[in-house]
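> Chains E and C, in that order, are what the protein sequence lines are. So for the first sequence, the numbering used here puts the first residue at 263; every next one is plus one. So for the second sequence, the numbering used here puts the first residue at 17; every next one is plus one.
It should be emphasised that the hints constitute simulated quantities derived from the structure, not laboratory data. Keep in mind the model is a prediction, meaning the values are calculated, not measured. Do not take every clue at face value.
As the list claims (entries may be wrong) - Dumping the calculated DMTMM-like pairs for lysine to aspartate or glutamate here, alpha-carbon to alpha-carbon at most 20 angstroms:
no.: 1; chain 1: C; residue 1: K229; chain 2: C; residue 2: D84
no.: 2; chain 1: E; residue 1: K597; chain 2: C; residue 2: D331
no.: 3; chain 1: C; residue 1: K259; chain 2: C; residue 2: E369
no.: 4; chain 1: E; residue 1: K521; chain 2: C; residue 2: E208
no.: 5; chain 1: E; residue 1: K521; chain 2: C; residue 2: D84
no.: 6; chain 1: E; residue 1: K521; chain 2: C; residue 2: E25
no.: 7; chain 1: E; residue 1: K597; chain 2: C; residue 2: D295
no.: 8; chain 1: E; residue 1: K603; chain 2: C; residue 2: D331
no.: 9; chain 1: E; residue 1: K521; chain 2: C; residue 2: D295
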Amino acid sequence: MPRDTSLKKVMVIGSGPIIIGQAAEFDYAGTQACRALREEGLEVVLINSNPATIMTDANMADRVYIEPLTPEFVSRVIAQERPDGLLPTLGGQTGLNLAKQVAESGILEKYGVRLLGTPLETIRRAEDREEFKNLLSRINEPVPESVIVSNVEDALAFAREIGFPVVVRPAYTLGGTGGGIAYNERELAETASRGIKHSIINQILVERCVIGWKEIEYEVMRDGADNCITVCNMENIDPMGIHTGDSIVVAPVQTLSDKEHQMLRSAALKIIRALGVEGGCNVQFALDPESFQYYVIEVNPRVSRSSALASKATGYPIAKVAAKIAIGLNLDEIKNAVTGKTYACFEPTIDYVVTKFPRWPFDKFASANRFLGTQMKSTGEVMAIGRTLEASLLKAVRSLEIGASGLYLPEVSGLSDDQLAGKLRRADDQRLFAVAEAIRRGWTFEQINELSAIDKFFLAKIKNIVDLEKEISVGGLAGLTPEFLRKTKRAGFSDAEIARLAGASERAVRELRARHAIRPVYKMVDTCAAEFEAVTPYYYSAYEDADEVETGERKRVVVLGSGPIRIGQGIEFDYCSVHSVWALRQQGYEAVIINCNPETVSTDFDTADRLYFEPLVAEDVLNILHRERPDGVVVQFGGQTAINLAGAVHEAGFEILGTSVADIDRAEDRERFDKLLGELDIPRPPGGTGYSVDDALTIARRIGFPVLVRPSYVLGGRAMEIVYNEHDLLNYMASAVKVTPEHPVLVDKYLIGKELEVDAVSDGETVVIPGIMEHVERAGVHSGDSIAVLPPQHLDEQVKAQMVEYTVRLARALNVKGLVNIQYVLHNGGLYVLEVNPRSSRTVPYLSKITGVPMVNLATRVILGTKLTDLGFKTGLVKETPLIGVKAPVFSFAKLLDVDVALGPEMKSTGEVMGVAEDYASALYKASVAAGYGVPHKGTALVTVADKDKDDAVAIVHSLLKLGFEIYATDGTATMLEQDGIEVKRVRKLGQGSPNIIDLIMGNKIHLIINTLTRGKAPERDGFRIRRAAVEMGVPCFTSLDTANVVLDVMTAIKTGYDKPPVPLQEYVGPEDTGARNSE
Amino acid sequence: MINAVLALEDGTLYHGEAFAALGENWGEVVFNTSMTGYEGVLTDPSYCGQIVVMTYPLIGNYGINEADFESKRCFVRGFVVRDASRFPNNWRSTETLADYLRKENVVGLTGVDTRAITRRIRNHGVMRGIISTENLDPGYLLDKARGVPDLSEQELISQVATDVPFTVPGNGYRVVLIDMGAKLNIIRCLNERGCEVVVVPPKTSADEILALKPDGIMISNGPGDPMNAPDTTETIKRLIGKKPIFGICLGHQLLALALGARTYKLKFGHRGANHPVKDLATGRVYITAHNHGFAVAEDSLAGLDIEVSHVNLNDMTVEGIRHKFLPVFAVQYHPEAAPGPKDSEYLFDEFLELIAREAR
Ligand SMILES: Nc1ncnc2c1ncn2[C@@H]1O[C@H](COP(=O)(O)OP(=O)(O)O)[C@@H](O)[C@H]1O
Ligand SMILES: Nc1ncnc2c1ncn2[C@@H]1O[C@H](COP(=O)(O)OP(=O)(O)O)[C@@H](O)[C@H]1O
Ligand SMILES: [Mg+2]
Ligand SMILES: [Mg+2]
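Chain E with its partners taken away, still in its complex shape (with noise of 0.2 angstroms):
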């Protein structure tokens, strides 16, 4: 059927926040929606609250609503446009879920939008695990035994009958959020309570283990004409019981025969058909790696992180014809974007190996459990393509970014054989590494198989490379023979792994490689294996005969990306990579793009000229350099991975675009920077660098505590940390890093203030600087943590001033070309330097929107030799628009069990949202509704805070109670609130009897917590099992009292919701141009 005519305009709905479980593929899946919905000629409408996204830019929808995704907002925003129809499918569970209560609460009737795609009545057949049991059944489909239960009584006598384990799975959640497996009764107590407490429905389902049995994924689409295909199927390396968004998963499936393939295949067609689907789903399946015996595990009737990995591994856009199927055209009426001539009704066939590799958080959260389970932790993951499974795997490893050349890790070849077995039963995200030091250690498939579950197939393949691991170690440097070397190159070691093995210099390696002409030529990924011609520009290297690259005649510039999401480098960066290639091609240059990340629009085949999918590691880089042989390389909006990189690629010749390696390294280096503010005259917390621990207590002394000490080294994450005295900063020293004179501890005055931020470009002369931005919380609470205002509300024109005056100063001083990002405190009226990062931040995406200064166009053409001035501006703020722009942070803790929540210098957001109005209030107002704050207006609020936070907390209990809350309090806190006046209810603390204050929370007695953190004593545990109780119940927990603070305010003056009228991001700067602003 061709399009449906009556369709004029369309509203799609993002997936807000970056969180585990729903990261940046969504963004991919709406750009390429909205894109293709504009294609047809349709007018589009999006919603979303997540400002660091593409699809929220103004060219990508007519109408861009940066807004909170709630049915409130997105109710008033279909009131305000009227769409003719909603687009649910491509944001995710939270889009899904959105749409399903506005149709619900008949306001899609009431203004007569239909919803599109698959049908409401499909998605709830297949999210109600009750409907979907019965659905499938009634197809003859086989589904785990199961019973769905809303209390823990119902699900103990279920396991009880068919015995443990059993897993618990929450209905409507997402990335797993409040399962698991339960081997025993108490576990299963505690999993279903947790479970049901998490559903949106208060269900949950308890179904029969299949733990260890294959678990292969199809990513199938249908059009409403009933054709079916599948994009591709996916093989879990880790099994069952292991979440897939937290396995190892390889593309195509490895270990099926056909007829195993089309028996799956046969049942997600006929599952997607029976449901009704229209676009793209997801089917899940265990399969017993004895039988023929499967069964379905789950269906996503919607766009999914697999299917932005099925649509990255195979070429195919899935998101894209999904919303072309949603406005009525038949999947062959849609042109394959591939090849150009032939039709997206067929079924890509690969010619090449795809593994995806979750990347998990760990590293920043030392204490966290790692272990792995049906609940997903991982922040983000890499792909990597390559010709045989080998070298794809290990691809994958090093495009991580661990610190892993191959599969070798220091401490898991520590681990004792006991503790090794250990790891390979109970996985935890090192267990592949585990996999080969066993191998390493000569055990057998069969002992490895027993306690891992994991195919011999894979096995056998992960034994290739430590046999080869074992040849090259053997052989040395001198058994590289050029057949040797091309034979490891070929089996996808990299050049670093080789020097290790071989005891030699990765630079050694290089040279014996480049002496022997041994180079990586780079295919085409084409969806159909080379069978016809295609045109997409999409390369991953290999060690073979032919390569398919084909440059262009104009000049052309590398963009490296920022890699796998992770804490601290999200999906902001590939936001800054995006735009520097469209502002590269728009300046008429060919843009060349690396990045390894699947779930990104950098990585989408239509972004850049070309795009080489392949490890952000300098060998890698530099392989593809030498083939582009580029007239710049641009490593400034990558991120630290991209900065990384640069000093390697300057070595090997070629020319970095934009700011100096030398001036970055200025910036980066503490001594060299600390010289430079002081030739400056910029000043900066008092500090110092310790080289051993009595150093350090040296330096603590003479600028006096409190301090912040960081180590150049960091043994396990619990990396920043302020410390207030001489016995903590010991202890400090002691547990959490190794001083060594190569390893030396950074001690700096934590100075108490406000902490603000501004982002720059400059061109070397003119400085311009869009926005400042004021944080909530003060200094100590990590700028990605904090709650960020622009422009800043409580700030002197003259510290502003002074701002400007010292970014242009250091700006000028470093020679930026291009853009920076400074943190600065404001500490008792004096302004100091925390950090400079000669690159672009997390904060532009936001800057660039509220602002309306199109920062990564300006500095990608500034890098390429324009100079601001011509472009209309000069130095100096750029005046500000009447708007308001609050960011505020989102965490995952929910997902993250044993991660303490408090704020603290280090960051632990994953993702962020921004409101936006014309005052303060209601900016911050949409900012917490957004980010699901969730603050209720009344009921009981525990107060447990540390004594130096004391007199801060008298003036938010009192807003609890203006706001009618009854206050909870421990013991010291309701001695000193008492004093103040206040009537508090006292609590017993842990280890006083029952109900203590976890049974409290547990018993769901407490709605809001406020609680402090305080170091190096007893009740540190205690606030830290609060915390956790608090996260675990749901219950609101705040951390920092500046955050505190101003949401009660919010509260307070905005009880009864908000009914300003939305404003889309395209009237955000009125009808004055930026450089108009700018140059008054």
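Given the structure of chain E, go ahead and fit chain C with the ligands onto it with the hints provided.
Just chain C with the ligands now, kept in the frame of chain E:
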């Protein structure tokens, strides 16, 4: 490690490692894009006379099991892969790919840039070639490759088809299958639907076939150029209109020839499990399994009593024909799958419905 090579008639050589039988063989070099189902490819008689290059690099992952064979023997003249699996693992596997090929005396080449070969064939068309582990001298190989007989000059059907009729029992309709090199799954698909299947050699005459009192007649797939089976074409001519007829692959081409159409050789054929075929009657698209180097020329249908029932969405070639009045239809692809998707098995049901209608 034993060196092996694939030499194409255009002079290109691909050096790799021998992984199966040793020796030298010649044939038409073709590629197959199926990611699974190599056992079906190896035992599909239609590959007789061909050296097959698999585009998916990892082949042999799940070993070999006889239950999935499409005939008793392996008919490929050589097997070329990027990475032959030495340690397969699957619960039904009884041996490795290499062991099987060795038993079948098929030369195997691994470690070559199969994508490069595929691109060459795609750009220049299928070529004659030599696969060898013996004399690897380029001059020798090239000479030899150029001397390889063309596929169309070879009589292949007799090498793969049954010499004697045999019957697979069933309680339903009796279907006579003219075996041109039939895949076993055609028999299985009929059998599963209750049919008694009488498999007859290609030379069986129309009278002999009719004497078997079939309810329907099927013409199977098979190797080579359809123009090389004039006798069977004659037989079919005489069967048309007598009984419901269903042709698959070579059977489709022979039916077309019998009805007066023309066939031609495709540049590099269709071999894979992902081809979109549109059923023109319903507008529905099916993902289908293909293995053919020849096709029915659409323009040759003008003025005949046949219409195109199916087309390939990739290149718009004819994938199915139907007689306008008589109970005769055929498809160019493989509804019996194996390897490949089972989406088109419905055609067997349609065949049985046709039989039922005609029986009334
Ligand atoms: N019955 C089961 N037995 C063993 N493992 C299971 C079972 N059901 C699910 N799992 C595991 O839990 C993971 C998450 O389950 P799933 O239903 O896919 O939830 P989500 O909605 O989070 O994707 C799966 O990827 C699988 O590894
Ligand atoms: N001397 C200091 N005084 C007060 N707070 C500081 C000081 N140094 C750092 N911080 C806090 O720690 C956070 C992280 O420090 P920063 O140097 O910016 O590290 P990162 O490289 O992780 O951004 C800052 O955002 C700030 O809140
Ligand atoms: Mg799942
Ligand atoms: Mg910082």
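> Which constraints among the numbered hints does this structure fail? Numbers only, ascending.
1, 6, 9
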